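Which chain is which? The protein sequence lines are X, S, U, Z, D and L, in order. Just so we're aligned, residue 1 is where the first sequence starts under full-length UniProt numbering, counting upward by one. Just so we're aligned, residue 1 is where the second sequence starts under full-length UniProt numbering, counting upward by one. Just so we're aligned, residue 1 is where the third sequence starts under full-length UniProt numbering, counting upward by one. Just so we're aligned, residue 1 is where the fourth sequence starts under full-length UniProt numbering, counting upward by one. Just so we're aligned, residue 1 is where the fifth sequence starts under full-length UniProt numbering, counting upward by one. Just so we're aligned, residue 1 is where the sixth sequence starts under full-length UniProt numbering, counting upward by one.
Quick caveat, the hints were computed from the structure, so don't treat them as lab data. Keep in mind it's a predicted model, so treat the numbers as computed, not measured. Watch out, some of these pointers could steer you wrong.
Treat identical chains as interchangeable: a pair holds within one or across any two.
[Unchecked claim] Straight-line Cα separation of at most 20 angstroms, SDA-like style, residue types lysine to any residue; simulated pairs: (1) 26 x 47; (2) 53 x 32; (3) 11 x 45; (4) 19 x 61; (5) 19 x 44.
Spelled out from the first residue to the last, the chains are:
6 protein chains.
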Amino acid sequence: MPYVNVKVAGKLTKEQKEKIVEGITKLLEEVANKPPQSTYVVIDEVDRENWGKGGKLLSDL
Amino acid sequence: MPYVNVKVAGKLTKEQKEKIVEGITKLLEEVANKPPQSTYVVIDEVDRENWGKGGKLLSDL
Amino acid sequence: MPYVNVKVAGKLTKEQKEKIVEGITKLLEEVANKPPQSTYVVIDEVDRENWGKGGKLLSDL
Amino acid sequence: MPYVNVKVAGKLTKEQKEKIVEGITKLLEEVANKPPQSTYVVIDEVDRENWGKGGKLLSDL
Amino acid sequence: MPYVNVKVAGKLTKEQKEKIVEGITKLLEEVANKPPQSTYVVIDEVDRENWGKGGKLLSDL
Amino acid sequence: MPYVNVKVAGKLTKEQKEKIVEGITKLLEEVANKPPQSTYVVIDEVDRENWGKGGKLLSDL
């Protein structure tokens, strides 16, 4: 049943996405016995111009 | 007042989006008396390379 | 694969939740051929003191 | 620690995003003593064809 | 049309929530001409045991 | 900069939350070089009466 949303600033490679999905799914199975087939992991790659930290856009830092 | 977020893997046609928005809004009005004018429905079409299930990216399945 | 998040201000009865989950799942199956067993619907009942509209908390209106 | 997600229908200019990020970060610092360096603000510009109100897509209104 | 979700670790007072809702709504009106009556602000007060930073739960720091 | 939201149906123990936060933070550091101090992980424990799958509430299954 878990639904996991991973938001990162900027782009990830396909390989990185594969490892993130695999790693989170395995972690939730081992730690909380959540079946992989019921675990959704959705990755949002947010444009650096759309992510602010410290009052500034990351694209301006 | 309802805010509904619908995340699907892959693309929807405009007609499908129209039916989803109309259907959810009508459902919330009938079931919970939520006024259509206050009901927001936001649809996110997620790239299959960004959605994992069973530890794999959908684009790899 | 759909993940749907329904946020409403205030409480719903169990029966209302059942109808909302059933209705949204059926709608996505009919409109976009999404299999019910892969459709997650998560309902958030938000306290009226935590929902603002027009610059005011709903609990103050 | 705050994480703020701002969803708007349609596009914003870079300048508008800068003002929104700056304004929200300052507000949370003044009102709730949240340190700017720990405050994330993520802006989602949603296509008007993906945002429904009153049972209609904004792009159809 | 904006929908803003503010997640903070720990509790806020009612007065703080009022100021956050008012401030964000005014900001979006001034910066992006978003009508207050269409602006939703939802505040989530997250338990410190459910928020992790640097690999630790805030409640453990 | 990552913000990760983990939604599970039902309750987790504190120890499970610690392992989930630690594991996800370490994974994002190793896979995508994301600094732990900038990685937020927020866990939502959703009541089984508020999570639907296959058109049914989990609490009814």
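Outcome of the hint check:
1. 26 x 47: neither (28 angstroms within a copy, 22 angstroms between copies)
2. 53 x 32: Between copies, since 17 angstroms is at most 20 angstroms while 32 angstroms is not.
3. 11 x 45: Cα proximity of residue 11 and residue 45: in one copy and across copies (6 angstroms, 17 angstroms).
4. 19 x 61: between (28 angstroms within a copy, 15 angstroms between copies)
5. 19 x 44: For residue 19 and residue 44, only the intra-copy Cα distance (15 angstroms) is at most 20 angstroms; the inter-copy one is 23 angstroms.
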